[in-house]
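> Sequence:
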Amino acid sequence: MLHKKGSSFHRDGKGRISASEYRNAISTALSQELGGAGRAAKDTARWTGASERTAKNWISATYAPTGENLIELMRHSDTVLDVVLVLAGRDEDRMARRVSLARNELAEILRGLDAICGAKDA
Numbered sequence: 019m020l021h022k023k024g025s026s027f028h029r030d031g032k033g034r035i036s037a038s039e040y041r042n043a044i045s046t047a048l049s050q051e052l053g054g055a056g057r058a059a060k061d062t063a064r065w066t067g068a069s070e071r072t073a074k075n076w077i078s079a080t081y082a083p084t085g086e087n088l089i090e091l092m093r094h095s096d097t098v099l100d101v102v103l104v105l106a107g108r109d110e111d112r113m114a115r116r117v118s119l120a121r122n123e124l125a126e127i128l129r130g131l132d133a134i135c136g137a138k139d140a
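Residue numbers (my numbering): 19 to 140.
By construction, these hints were calculated from the structure, which means they are not laboratory data.
Keep in mind that a hint or two might mislead.
As the list claims (entries may be wrong) - Straight-line C-alpha distance at most 20 angstroms; calculated DMTMM-like pairs for lysine to aspartate or glutamate:
1) Lys74 with Glu51
2) Lys60 with Asp96
3) Lys74 with Asp61
4) Lys60 with Glu86
5) Lys74 with Glu90
6) Lys74 with Glu39
7) Lys60 with Glu70
8) Lys60 with Glu90
9) Lys74 with Glu86
Since this is a predicted model, take the numbers as computed values, not measurements.
Throw the hints in and build the complete structure from the sequences for me.
Okay, here's the thing in structure tokens:
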């Protein structure tokens, strides 16, 4: 499950996931990324084209998204993407993606610093 202070998701068991584990994982990911049910439901509905009632059901873990909606959620939410990779036992892919994102962000920061230092040196 996702912890309140961070975005790590730990899976308790191996093998097939249960329907309740899937529902809870998606619910936790959406709640963590988007906050409470009101705004989260609106954003989730906008991302997927599903109704707000359906989105609220996903957020409350009453139901879970089907394949097409899950793909749309993963397209818009890094947290949902991370959770799906963990559920699929693909932690190494998740970590590789996070390292790549961190490298890109660091490169952008270094370019900004070079631009500032270059401007001062001129």
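> Each hint needs a verdict: does it hold in this structure or not?
Here is how each hint holds up against the structure:
With a C-alpha separation of about 14 angstroms, the suggested pairing of Lys74 with Glu51 holds against the 20 angstroms cut-off. Proposed proximity of Lys60 and Asp96 is supported: the alpha carbons are some 18 angstroms apart, at most 20 angstroms. Of the pairs offered as hints, the one joining Lys74 and Asp61 holds, with about 11 angstroms between alpha carbons and a cut-off of 20 angstroms not exceeded. Our distance criterion of 20 angstroms between C-alpha atoms is met by Lys60 and Glu86, whose separation comes to about 18 angstroms.
Distance restraint check for Lys74 and Glu90: the Cα-Cα separation of roughly 16 angstroms lies within the 20 angstroms cut-off, and the hinted pair is therefore satisfied. A threshold of 20 angstroms between alpha carbons decides the hint, and for Lys74 with Glu39 the separation of about 17 angstroms falls inside it, so the pair holds. At roughly 6 angstroms between alpha-carbon atoms, Lys60 and Glu70 fall within 20 angstroms of each other, so this suggested pair holds. A distance of roughly 14 angstroms separates the Cα atoms of Lys60 and Glu90; the hinted pair therefore holds under the 20 angstroms criterion.
Annotation: proposed proximity of Lys74 to Glu86 holds, straight-line Cα distance about 17 angstroms (limit 20 angstroms).
Of the hints listed earlier, there is not a single one the structure fails to meet.
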